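J.: Take a look at the letters that make up each chain.
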Amino acid sequence: MLLITSCSSDDSINIDEEKPTITINYTEGFPQACEQLVKGETYTFKAQVTDNRALASYSLDLHHNFDHHTHDDQGETCDLEPIKVAVNPFIYMENFNIEEGLTTYEIDISITIPNDIDTGDYHCAYSVTDVTGWQSRTSIDIKIIE
Amino acid sequence: MFYRTLSLWLCFSFSSILFAQDSFQIKGIVANAKTLQPIEGANIIGKGSFSTSSSTGIFTLKNVSEGDYTFTISHLGFTSKTITVNVGNDQETHKILLEESTTALDKIEINGKTKKRERNESPVVSQLVTKEFLSNNRENSLMQTLSKIPGVSTIKIGSGQSKPVIRGLGFNRVAVVQNGIKHEAQQWGNDHGLEIDQYGIENIQIVKGPASLVYGSDAIAGVVDIQPNKVPLINSFSGEVNVLGESNNDLLGISAGIQARKEKWFYRGRITYRDYGDYKVPTDKINYESYIFELYDNNLRNTAGREANASISLGYVTDKFTSETTISNVNAKNGFFANAHGLEVRTSSIDYDSSNRDIDLPYHKVNHFKITNNTSLALDKHTIHADLGFQNNIREEHSEPVPHGFMPTPSNSKERSFNKNTFSLNIKDAFKPNEQHDIVAGINLEYQNNTIGGWGFLIPEYNRFTIGSFAFDQFEINSDLHLLAGVRYDYGQINSKSYFDWYPSTINNANGSTSYVYLQRAQDKTLNFGNISASLGLSYLVKNTTFKINIGKSFRMPLANELASDGVNYHMYRYEKGNLDLDPEESYQLDIDIDHTTKNYSFGISPFVNFFENFIYLNPTSNYYETLQIYEYTQNKVFRAGGELRASTNIINNLQLNASAEYVYSRQTSGPKEGFTIPFSPPLSGLFSANYQFKDFLFFKQPQLIADYRITAKQNEIVPPEEKTDGYQVLNMSLLTQIELFKTKRPLDVKFKLNNVFDTKYYDHTSFYRLIDVPEAGRNISIALTQTF
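Top to bottom, those sequences are chains L and P.
Residue 117 in this note's numbering sits at position 117 of the first sequence; the count goes up by one each step and never skips.
Residue 621 in this note's numbering sits at position 621 of the second sequence; the count goes up by one each step and never skips.
To be clear, the hints were calculated from the coordinates, so they are not data collected in a lab.
Treat the hints with care, since some could be wrong.
Stated by the list, open to error - Straight-line distance between alpha carbons at most 25 Å, and here's what the computed SDA-like set of lysine to any residue pairs gives:
| no. | chain 1 | residue 1 | chain 2 | residue 2 |
| --- | --- | --- | --- | --- |
| 1 | P | 116 | P | 454 |
| 2 | L | 84 | P | 454 |
| 3 | P | 148 | P | 652 |
| 4 | P | 577 | L | 125 |
| 5 | P | 701 | P | 245 |
| 6 | L | 143 | P | 540 |
| 7 | P | 131 | P | 732 |
| 8 | P | 637 | L | 15 |
| 9 | P | 724 | L | 136 |
| 10 | L | 84 | P | 81 |
| 11 | P | 47 | P | 597 |
| 12 | P | 432 | P | 478 |
| 13 | P | 81 | P | 58 |
| 14 | P | 724 | L | 26 |
| 15 | P | 116 | P | 656 |
| 16 | L | 39 | P | 405 |
| 17 | P | 637 | L | 16 |
| 18 | L | 39 | P | 478 |
| 19 | P | 148 | P | 778 |
| 20 | P | 365 | P | 401 |
| 21 | L | 19 | P | 636 |
| 22 | P | 285 | L | 136 |
| 23 | P | 285 | L | 27 |
| 24 | P | 577 | P | 523 |
| 25 | L | 19 | P | 41 |
| 26 | P | 745 | P | 245 |
| 27 | P | 432 | P | 540 |
| 28 | P | 577 | L | 136 |
| 29 | P | 525 | P | 451 |
| 30 | P | 414 | P | 404 |
| 31 | P | 724 | P | 245 |
| 32 | L | 84 | P | 411 |
| 33 | P | 637 | L | 18 |
| 34 | P | 285 | L | 73 |
| 35 | P | 761 | P | 58 |
Please read all numbers here as calculations on a predicted model, not as lab measurements.
Required output: the full structure, derived from the provided sequences and hints.
T.: This is the structure:
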């Protein structure tokens, strides 16, 4: 019984066991670790995503790190400002769909940093899913300055 | 029974006498170890000779051959003793002290059937775990101890907490029953551990298959049934103290229990306290995705914990009537790994490394209060059992307040709290109309009330009422062939309560305007469920072989979180979405169990095939909600098969060898993850153990050396978001002995244990911390002392 069941696993369905990839480590990738963004300016956030089968959706999340609650995965340590209380922090949370069937795609989001928000340490998190439901994430420590 | 065995022994001894060659004799005296009073009527049985002790405790074994001679002294109410003496011309009078056994004999034994025979006759595939197994294999938590049993594994949350997994299914698919009452806590939670004191347990029955017939919803994959302890003997008083020390997490544990009985009244009591520090892993850094967490002194930062438990019970027993009321409380506080909570990487200004014993944020604390009453009344052909229970489970999760999404920084650390009350009543009637039939019919009622608190929302408040009734008949076709057939119907109602965020979320409307809305996360909803369960089994005993076949249908009612959750689980980077249209899970399973046991070896195989019509699981979708991946409760068909193999031999003197293997194959055969396995699938695993019994040495009595070698294969069967886990091999050693310091006192049991002998770095696929690439605990030396009195 054990042998039979363990040998019968040659499924007709070819399952997808690969996660999509996501990176900002190329020339146009934005923002890079410890990047300083100026209030009122418009920036194009760019990241490269790929998948073995088909990409599905992506999201971008910008939130403050005034309390130093987390750090990025870029292997670089940015100088953080002293811990402070948020008054009117910038929050950017958007989800996007990727055109069906693509295996490579460049995320390209234009964001204008508002003038009335708190300056300081921020955290920028990208994430991407594929059609199977695998997800990859990357995050970058940045600053918003006057 | 007594006379039957007596005459059997007499017959045996007479026939043996014919072959006796020399006529030496052994003289002795039997006395009560505690009172030193002589024991009259004790049976002294040796090879070819038999005697009973006189009113002064004196006995003589005649017709004994020269050399080493072994004989057994037994008496009702005392623990039997086997001793070996050297027989020669110069014979002294041997003094034999018998310990009072403190539990009354099983009724089953009086009926002429041993418990083992009863179990073999029952077509239900189950395994009985004894107190001896528990104390010889005791690990840090009850389920870790039980995971040595093939087919049973555990989901560990750090060093001190775990929850049961049977053949790859856990959470709410395994019912844990204590004193007849289903243990009800927040079993659905990833980081929840079982709140049961593992000391003071005598017997656990594990059913590795669908058992809804008797246990109702949730017993769809199996049951861990912690059975009520036996009633103490008349005019007895006994107790034990257990002390445990461990090197890996600097654990110090103490548990003390007593039990006593006058004539009709008896009582028991136990207190347990355990305090442990951060556990050590055989690595100085954790690599999780692109993050690196440096560990200080190999300590898995902030995984310390403590646990304080107490229980008392009072009982009354007569020939026909037994009633025991037990009140217990389990209180625990456990820290969670500080660098990542769930999957979320966290930094903190807390100086976690200043002490390995402090419990900082994030942590959880839990208090489980339980009061149960078990009453049974034996009438002519009926035995009525009633179990009544009330449980209150309060669990709080605390973490450093951090803003998330539109949620501003909360004012306190109480992220989630759950307060759950469960009232249970089970009544059953065991009816024996004649020798052939054992009919059991019963009714189970349960009411749950769950309230929530804290700033994080995951599951709604709910009330749940279930009622079920069942009947089954075990029919003795002949003394070796038994049939069990039963049917059950359950009705359940879940009433989930609405929930609104405590902070407004920003909504960008289609017309360009912006509104700020307190989002509704759960609705007021009443859902009704009904379900039929059934079971049909056959057992056949031939000589030393037992064959069992069982087919059953079980069910599980959807949980409130599966139906109605609608919240962001920031620690897991996901948005969890319930589905009000979920049906109760229905599972069909075919179990076979073949066991062949002789004096020198035993072999067993227990394969199963299982089919879920609508397995519920949290499916990661491709979509986002507020930048978090949406995980939706989905149900689809699942096929599973597998089983366990076990073999043991004691063909070589004093050496016992055991081997076992377990395997489960799971496939989702429909739905969005068709072709994938199901979450938390345990890999193929084998356990080899050798147990060598040494001769007594100095004041060490019955020293035993045990080596356990576990070989686990790589787990390539995963479903998003899991990672593949490499195989591993790990060796554990233990040395058990008794130290007899005082002749008249009971010996001190000593257990010296060395876990993960080679400090192997390995990952357990089903561990909670596996998600963030935390290896299992490193080498651990533990010393456990048990003194009974």
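J.: Is residue 39 (chain L) within 25 Å of residue 405 (chain P), Cα to Cα?
T.: Since the Cα atoms of residue 39 (chain L) and residue 405 (chain P) sit roughly 21 Å apart, the hinted pair holds (cutoff 25 Å).
J.: Verify the proposed pairing of residue 84 (chain L) with residue 454 (chain P), using a straight-line Cα cut of 25 Å.
T.: 24 Å, holds
J.: Between the alpha carbons of residue 148 (chain P) and residue 652 (chain P), is the straight-line distance 25 Å or under?
T.: 23 Å, holds
J.: Tell me if the straight-line CA distance from residue 724 (chain P) to residue 245 (chain P) falls inside 25 Å.
T.: With Cα atoms ~34 Å apart, residue 724 (chain P) and residue 245 (chain P) exceed 25 Å; violated.
J.: Hint check: residue 724 (chain P) vs residue 136 (chain L), CA-CA at most 25 Å. Holds or violated?
T.: 16 Å, holds
J.: Is residue 285 (chain P) close enough to residue 136 (chain L), meaning Cα to Cα at most 25 Å?
T.: 22 Å, holds
J.: Does residue 724 (chain P) pair with residue 26 (chain L) here, judged by a C-alpha cut-off of 25 Å?
T.: 29 Å, violated
J.: Check whether the Cα positions of residue 84 (chain L) and residue 411 (chain P) lie no farther apart than 25 Å.
T.: 15 Å, holds
J.: Taking 25 Å as the top limit, are the C-alpha atoms of residue 116 (chain P) and residue 656 (chain P) close enough?
T.: Distance ~20 Å between residue 116 (chain P) and residue 656 (chain P) Cα, so the pair holds.
J.: What's the verdict on residue 525 (chain P) and residue 451 (chain P), does the C-alpha distance respect the 25 Å limit or exceed it?
T.: 15 Å, holds
J.: For residue 637 (chain P) and residue 18 (chain L), compute the direct alpha-carbon distance and say whether it is at most 25 Å.
T.: 23 Å, holds
J.: For the pair supplied as a hint, residue 637 (chain P) and residue 16 (chain L), confirm whether the alpha-carbon distance does not exceed 25 Å.
T.: Holds, at about 19 Å.
Checked against the numbered hints given earlier, this structure breaks hints 1, 6, 10, 14, 18, 23, 25, 31 and 35; the rest are met.
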